[in-house]
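Asker: Residue numbers (full-length UniProt numbering): 1 to 162.
Hints listed in this document are in silico derivations from the structure and should not be mistaken for laboratory results. Ideal placement from N, C-alpha and C gives every residue a C-beta, glycine not left out. Some hints could be false.
[What the hints assert, rightly or not] Here are the simulated DSSO-like cross-link-like pairs (lysine-lysine), alpha carbons at most 30 angstroms apart as the crow flies:
1. Lys40 x Lys97
2. Lys21 x Lys97
3. Lys21 x Lys38
4. Lys92 x Lys40
5. Lys97 x Lys38
6. Lys40 x Lys21
[Unchecked claim] Restraint-style ranges between C-beta atoms, simulated for each label pair:
7. Gln24 x Pro146: 19 to 29 angstroms
8. Tyr147 x Glu30: 21 to 31 angstroms
9. Asp93 x Ser58: 37 to 47 angstroms
10. Arg91 x Lys21: 17 to 27 angstroms
11. Ile3 x Gln99: 14 to 24 angstroms
12. Phe101 x Gln24: 12 to 22 angstroms
13. Arg91 x Ala118: 33 to 43 angstroms
14. His2 x Asn112: 18 to 28 angstroms
15. Ala145 x Ile20: 20 to 30 angstroms
16. Pro146 x Gln99: 20 to 30 angstroms
17. Lys40 x Ile96: 12 to 22 angstroms
18. Met1 x Asp93: 31 to 41 angstroms
19. Ser148 x Asn6: 33 to 43 angstroms
20. Asp73 x Asp93: 27 to 37 angstroms
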Amino acid sequence: MHIISNLARISHLADLEDSIKGSQLIVEDEVSIDSFVKIKFTGGLGDVRIGRGTVINSGVVIYSGNGVNIGEDVAIAANCTFAAVNHEFQRKDVTIKMQRFQPSRGGILIENDVWIGANCVILDGAIIHQGCVVGAGSLVRSELAPYSINIGNPLRRIGWRR
1 MHIISNLARI
11 SHLADLEDSI
21 KGSQLIVEDE
31 VSIDSFVKIK
41 FTGGLGDVRI
51 GRGTVINSGV
61 VIYSGNGVNI
71 GEDVAIAANC
81 TFAAVNHEFQ
91 RKDVTIKMQR
101 FQPSRGGILI
111 ENDVWIGANC
121 VILDGAIIHQ
131 GCVVGAGSLV
141 RSELAPYSIN
151 IGNPLRRIGW
161 RR
């Protein structure tokens, strides 16, 4: 079920799937969802809430999993992925796909007035506090302090040195 404000602007090229398990998509006033945004309900029973004044740019994918709560006035740049779920993979006698999902780490919480740069990946259990800036290309899987600047270093992650 979708609860979408009449004051939200959603591109006709966005793909907002329906949940087959009863999870909700809640989109508040003045939210802008650009073309080629995908919201997919999978991997859990969590809702997806997008707070007032938030802007989500092209190519963003949100997997509902254990819940995604995005606060007010959040800016999300292009091609970010929100994955509020993790696959189980411990057993060797069963394929990863058949093992389904790990227990929840709490979903994803993005507080108000946050800027998430392009190509970021936000994982289950991430908490990004108010006023935080997440630099382009970052991976977030834990808690980021309020009003902090968190800049990933993509060169170091692929083995290059400065």
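Asker: With reference to the structure, classify each hint as holding or not holding.
Answerer: Right, here's what the structure says about each hint:
no.	hint	result
1	Lys40 x Lys97	holds, 17 angstroms
2	Lys21 x Lys97	holds, 19 angstroms
3	Lys21 x Lys38	holds, 18 angstroms
4	Lys92 x Lys40	holds, 28 angstroms
5	Lys97 x Lys38	holds, 21 angstroms
6	Lys40 x Lys21	holds, 12 angstroms
7	Gln24 x Pro146: 19 to 29 angstroms	holds, 28 angstroms
8	Tyr147 x Glu30: 21 to 31 angstroms	holds, 23 angstroms
9	Asp93 x Ser58: 37 to 47 angstroms	holds, 41 angstroms
10	Arg91 x Lys21: 17 to 27 angstroms	holds, 24 angstroms
11	Ile3 x Gln99: 14 to 24 angstroms	violated, 33 angstroms
12	Phe101 x Gln24: 12 to 22 angstroms	holds, 20 angstroms
13	Arg91 x Ala118: 33 to 43 angstroms	holds, 36 angstroms
14	His2 x Asn112: 18 to 28 angstroms	holds, 22 angstroms
15	Ala145 x Ile20: 20 to 30 angstroms	violated, 37 angstroms
16	Pro146 x Gln99: 20 to 30 angstroms	violated, 36 angstroms
17	Lys40 x Ile96: 12 to 22 angstroms	holds, 18 angstroms
18	Met1 x Asp93: 31 to 41 angstroms	holds, 38 angstroms
19	Ser148 x Asn6: 33 to 43 angstroms	holds, 35 angstroms
20	Asp73 x Asp93: 27 to 37 angstroms	violated, 48 angstroms
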